[in-house]
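K.L.:
Sequence:
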Amino acid sequence: LASLPKEVSQNIGSLIFDTMGIYWTMKYKNEKDKELLEEWKLKPKNLPVKIFVPFGHYEEYTRKGIPVDEPFALDASELAAEDWLTTFGLDITSPVSVLIQRTLSSLKEKGTFTIEEIIKALENEERTSQETRNSAAGLFEAAKTWGIFADSETDATQVKDLISGGLTTIMDLSIYNSVGAFNIRALVISLISRKIFKERMDARKKEEIESVSHGLDLMSSSEKKDYPLVWLFIDEVHEFLPLEGKTVATDALVQLLREGRQPGISLVLATQQPGQIHKDVMTQSDIVISHRVTSKPDTEALNYIMQSYVLESIKKQMDDLPSLKGSAIILDDNSERIYPMRMRPRFTWHGGEAPSAVKKEKNF
42 LASLPKEVSQ NIGSLIFDTM GIYWTMKYKN EKDKELLEEW KLKPKNLPVK
92 IFVPFGHYEE YTRKGIPVDE PFALDASELA AEDWLTTFGL DITSPVSVLI
142 QRTLSSLKEK GTFTIEEIIK ALENEERTSQ ETRNSAAGLF EAAKTWGIFA
192 DSETDATQVK DLISGGLTTI MDLSIYNSVG AFNIRALVIS LISRKIFKER
242 MDARKKEEIE SVSHGLDLMS SSEKKDYPLV WLFIDEVHEF LPLEGKTVAT
292 DALVQLLREG RQPGISLVLA TQQPGQIHKD VMTQSDIVIS HRVTSKPDTE
342 ALNYIMQSYV LESIKKQMDD LPSLKGSAII LDDNSERIYP MRMRPRFTWH
392 GGEAPSAVKK EKNF
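Start counting the sequence shown at 42; every next residue gets the next number (my numbering).
Note that these hints are calculated values from the structure, not bench results. On a predicted model such as this, the values are computed, not experimentally measured, just so you know. Some hints could be false.
What the hints assert, rightly or not - BS3-like cross-link-like pairs, simulated, lysine-lysine; straight-line CA separation at most 27 angstroms:
(1) K287 with K91
(2) K236 with K287
(3) K265 with K201
(4) K266 with K320
(5) K265 with K149
Said to hold, decoys possible - Each pair of labels, with its calculated beta carbon distance range:
(6) Q296 with R168: 32 to 38 angstroms
(7) T195 with K105: 17 to 23 angstroms
(8) Q199 with P46: 27 to 33 angstroms
(9) E172 with D373: 54 to 60 angstroms
(10) T186 with S135: 37 to 43 angstroms
(11) E182 with S135: 15 to 21 angstroms
(12) E100 with M61: 19 to 25 angstroms
(13) K73 with D243: 40 to 46 angstroms
(14) N175 with K356: 17 to 23 angstroms
(15) M242 with N175: 38 to 44 angstroms
(16) R104 with P46: 36 to 42 angstroms
(17) K105 with E167: 43 to 49 angstroms
Each residue gets a CB set at the ideal place from its N, CA and C atoms; glycine is no exception.
Generate the whole structure from the sequences, applying the supplied hints.
P.N.:
Written as structure tokens, this is what we have:
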């Protein structure tokens with residue numbers, strides 16, 4: 042997207058939620074695959090990217106020499122009580138949950154607030170037992186250690202600073218473990234997605250008003266949008282949109298799947314387990330690109346998408362693919378057809394390839 046002509050790219054902003062910590066390598070050219078790129082008549086090149094990391098870990102990244110550009114922080118007051126309960130894994134009717142909901146409702150009436158103010162309000166709640174207060178405060182003490190919520194000395198990052206036309210923004214969330222007690226990555230994805238949806242809804246209204254007043258479609262002109270169209274990229278999406286159950290990010294992402302087209306938000310979701318992903322992902326997708334899969338749940342999930350107009354099974358289409366690296370099929374919902382394809386090699390450095398114990402040597 043960043044390589045498109047300027048008059049197009051300036052109106053498109055991309056945001057990658059990097060759960061694996063591998064996309065910072067887009068800053069560098071893929072010199073190690075130069076010969077392979079030449080076979081495709083391509084040249085190694087880097088892309089304009091901006092890397093954000095949680096502000097509490099920014100110094101750690103810079104100390105390790107990992108390329109980062111800016112820290113980001115979230116506004117704790119923008120999260121609903123339900124978001125906290127889902128993140129903490131609490132039952133909505135438990136005493137701790139009731140205390141958190143009551144405290145946050147009271148704080149929201151006064152405006153914005155920080156994690157420290159939530160903890161103080163919980164500790165000062167006199168209508169609840171000391172044990173319940175300590176449990177609730179302890180959860181928010183843990184949240185404070187995540188290094189992701191703005192405090193009195195750190196300003197919250199504005200969503201308009203995350204999205205820029207012609208630029209790819211990378212939010213590195215790899216510091217947070219997917220199997221930990223709290224799904225912090227889902228919390229970040231949920232809040233940022235909701236804020237982007239609101240910004241684009243407001244921008245879309247403004248664009249329509251200007252379009253009506255000028256009697257033309259703004260997309261046909263070379264004018265730069267105040268807030269660009271947004272492409273969101275999420276890897277390992279089955280962790281945030283599971284087939285069964287839900288995470289704190291589920292509702293926000295399902296809303297984008299169902300309603301994101303009108304305000305101009307596109308989703309690109311990647312998973313190695315299509316059989317374990319939310320059904321809305323499969324039914325709402327216009328295009329599905331699939332490499333060879335062999336697991337029965339995965340092939341059944343792909344068959345489920347195309348069952349209305351494809352007579353041949355996905356397995357047969359997979360079996361017909363050549364044994365070439367990058368071979369895949371495209372399931373196009375618009376044309377109601379399946380196309381074989383082959384992915385080109387990356388022209389930026391590939392940070393996600395499998396490590397090898399064998400050193401590669403090149404002859405010159």
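K.L.:
Now, for every hint given, state plainly whether the structure supports it.
P.N.:
A quick look at each hint next to the structure:
1. K287 with K91: Violated. K287 to K91 sits at ~30 angstroms, over the 27 angstroms cutoff.
2. K236 with K287: holds, 20 angstroms
3. K265 with K201: holds, 15 angstroms
4. K266 with K320: violated, 34 angstroms
5. K265 with K149: violated, 36 angstroms
6. Q296 with R168: 32 to 38 angstroms: holds, 35 angstroms
7. T195 with K105: 17 to 23 angstroms: Once the Cβ atoms are compared, 21 angstroms apart, the range 17 to 23 angstroms for K105 and T195 holds.
8. Q199 with P46: 27 to 33 angstroms: holds, 28 angstroms
9. E172 with D373: 54 to 60 angstroms: holds, 58 angstroms
10. T186 with S135: 37 to 43 angstroms: violated, 23 angstroms
11. E182 with S135: 15 to 21 angstroms: Because 18 angstroms falls inside the window, the suggested range holds.
12. E100 with M61: 19 to 25 angstroms: Given a distance of about 22 angstroms, which is inside 19 to 25 angstroms, the answer is holds.
13. K73 with D243: 40 to 46 angstroms: holds, 44 angstroms
14. N175 with K356: 17 to 23 angstroms: Taking Cβ atoms as reference, N175 and K356 lie about 56 angstroms apart, which means the hint is violated.
15. M242 with N175: 38 to 44 angstroms: holds, 41 angstroms
16. R104 with P46: 36 to 42 angstroms: holds, 39 angstroms
17. K105 with E167: 43 to 49 angstroms: Holds, at about 46 angstroms.
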